[in-house]
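With the hints as extra help, turn the sequences into a complete structure.
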Amino acid sequence: MIRDKKAFLSNLTLGVGMALAVSCFAVLSQMFNHQSGIYTPYIILLAGSIAYIVAKSVGELSLMYPGAFGIWTYIRNAWGNFIGLGVVLGYVIMLLLVAGIEGKLLGQIFSVLFNISHPALIVTALFLFVMGINWYGLNFSKRAQIGMVLLLVFISLLLALLVWIKVPEESANSAIPAETALDSLLEMLIIAFFLFVGFEWTTNSANTSRKAAGDIPKVLTASIAVLVVYYFLFSVSMQAYLNHDTAHHSMTPHVSMATYSLGESGSFLIFVLSSLAVLSSFNVGLIGATRLIYAVAREGYLPESFSSNINRHGVPVWPLLFLGTSGLVIAVFCAIAEIDIAILSEVAALIICLIYAILLHTALRLRTLHGEKVSKQQKLLPAPLINIVTGLMVTVIVAIIADKGWSFEIQFSLTVLFLVMVCAGLMIVNRYNKLFQKEKSQ
Amino acid sequence: MSLETVLGNFQQKANNNQRVKSIIINWKPRFFIEAQDTHLCYQLDIQDGQIATIKPADPDDNDDSILLVCGKQQVLESIFSGQLNPLSAYSSGQLEVYGEEADKVKLDAVSLILWGF
Chain A
3 MIRDKKAFLS NLTLGVGMAL AVSCFAVLSQ MFNHQSGIYT PYIILLAGSI AYIVAKSVGE
63 LSLMYPGAFG IWTYIRNAWG NFIGLGVVLG YVIMLLLVAG IEGKLLGQIF SVLFNISHPA
123 LIVTALFLFV MGINWYGLNF SKRAQIGMVL LLVFISLLLA LLVWIKVPEE SANSAIPAET
183 ALDSLLEMLI IAFFLFVGFE WTTNSANTSR KAAGDIPKVL TASIAVLVVY YFLFSVSMQA
243 YLNHDTAHHS MTPHVSMATY SLGESGSFLI FVLSSLAVLS SFNVGLIGAT RLIYAVAREG
303 YLPESFSSNI NRHGVPVWPL LFLGTSGLVI AVFCAIAEID IAILSEVAAL IICLIYAILL
363 HTALRLRTLH GEKVSKQQKL LPAPLINIVT GLMVTVIVAI IADKGWSFEI QFSLTVLFLV
423 MVCAGLMIVN RYNKLFQKEK SQ
Chain B
9 MSLETVLGNF QQKANNNQRV KSIIINWKPR FFIEAQDTHL CYQLDIQDGQ IATIKPADPD
69 DNDDSILLVC GKQQVLESIF SGQLNPLSAY SSGQLEVYGE EADKVKLDAV SLILWGF
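Sequence order for the protein chains is A and B. Just so you know, the first sequence maps onto residues 3 to 444 in our numbering. Just so you know, the second sequence maps onto residues 9 to 125 in our numbering.
Just so you know, these hints were derived from the structure itself, not from any lab. Quick reminder that beta carbons are idealized off the backbone N, C-alpha and C, glycines included. Treat the hints with care, as some may be off.
Some chain B residues close to chain A (C-beta under 10 Å, calculated; not the full set) [claimed, not checked]:
| id | residue |
| --- | --- |
| 1 | Tyr50 |
| 2 | Asp53 |
| 3 | Ile62 |
| 4 | Ala65 |
| 5 | Asp69 |
| 6 | Cys78 |
| 7 | Ser96 |
| 8 | Ser99 |
| 9 | Gly101 |
| 10 | Leu103 |
| 11 | Val105 |
| 12 | Ala110 |
| 13 | Asp111 |
| 14 | Val113 |
So, in structure tokens, the structure goes:
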């Protein structure tokens, strides 16, 4: 039984809106390009089932710690500050990667539709706009957010249906690779997790009443259900379209599908809708990440300046400037340089997979600490199932990284990035522990 | 010290601080504090950059525009007397806070000014 229907719908569209960005369509395109691309709709169902289990676990955590600081609270209570910090840093890196991908894709769409030769300018304007909104602590109104996400979902599904009807049957001469290769299927599974990134952000960013907080587990599972149905239907239609039109290298297939079904007006329609959805999710993402950095800094794990300067709208200035500027630099760099989006989305997908695996086991670990507290309110997932899914996810991640065949430069950069994260985390925790000991002795 | 006394002292300290006043001058949240174990609940009425009154009142759980801080009475007393970092209590799950993000940050900023952590 849903306690607060209005808040439920608002939080549901927040979760779905965070996951539904332009890069999702690029990821679908990337999946269809794989050796086993033909299995994309089934891989989406499989990834969705695992994401559903993750959503159930995060829902359990949200009931253990209602009205708390979401993921930061869950992880640090279960695993301590070091892993908690690692997850926060992982989130920040993933958000910046997503910003880069979204920036590049939006720049591409703008360039094609409006014949603009400098996509970096568009990306800069977009970021400055979102940072400006954030500076004043503004959110899109709940009604506007609900309307935007529902419109995007319904209209893009309608376009997908039109494409499916319009594609002639006799042209079904598949250009999609159809090999049954295990490594390709596993890689597609990991990439498919990218399609659900952000659904868990409701635990960090939802402005809820106490009554609505009890609905968060239902919001999370409903978000996954909506996303799975949406992506499955869209991918089935996309498969039909790609069989008809071999231009499947497009990273913005939703725009070309809209053009195919409704002409130029269709592409403008889908462009406007997805841009609004991206703006909305960027805004919510930046708000959530800014507060996360602020909170971590307030507890002494990051430089004090990140928590000492708050403007009169209640916005922490330095975290906003740091995240906004970093995102802008990465997005502009991606928009200008010849960066392969596939690599960026694979790295982001691997990070989120690892975070989801940690979240899955977090619920299990905290369950032993909280005993029966949660089980009275919610039917819990069986522990062996969580163990199997976590083990499976970690095995797949390790296997893919080992088998990736990335160039030496990419492997080197990733190793350096990882080592920097570990060293920074250790230094921060060490500094905090020293300060804590000093305060205690005083 | 009872929760009411602690809140009274907090009111006095906040109202005497010019920096706090400058931060909350245009802030008009409907702000409630609830002790979950003893069921004591108070509303802090903020007007013109001052905590005008503190009175017993129950929050409306259906209202998502209120700012509600809940926890065990001992935790709330430690926070409002400056013995416990409110953000640490919030992050560790000892404290539940419901409301708009900007209101939460403002509330935290007040404690940062008053207690220095």
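Going through the hints against the structure:
{"no.": "1", "hint": "Tyr50", "in the structure": "violated (16 Å)"}
{"no.": "2", "hint": "Asp53", "in the structure": "violated (19 Å)"}
{"no.": "3", "hint": "Ile62", "in the structure": "violated (21 Å)"}
{"no.": "4", "hint": "Ala65", "in the structure": "violated (15 Å)"}
{"no.": "5", "hint": "Asp69", "in the structure": "holds (4 Å)"}
{"no.": "6", "hint": "Cys78", "in the structure": "holds (7 Å)"}
{"no.": "7", "hint": "Ser96", "in the structure": "holds (6 Å)"}
{"no.": "8", "hint": "Ser99", "in the structure": "holds (5 Å)"}
{"no.": "9", "hint": "Gly101", "in the structure": "holds (4 Å)"}
{"no.": "10", "hint": "Leu103", "in the structure": "holds (8 Å)"}
{"no.": "11", "hint": "Val105", "in the structure": "holds (5 Å)"}
{"no.": "12", "hint": "Ala110", "in the structure": "holds (3 Å)"}
{"no.": "13", "hint": "Asp111", "in the structure": "holds (7 Å)"}
{"no.": "14", "hint": "Val113", "in the structure": "holds (4 Å)"}
Comparing the model with each earlier hint shows violations of hints 1, 2, 3, 4; every other hint is respected.
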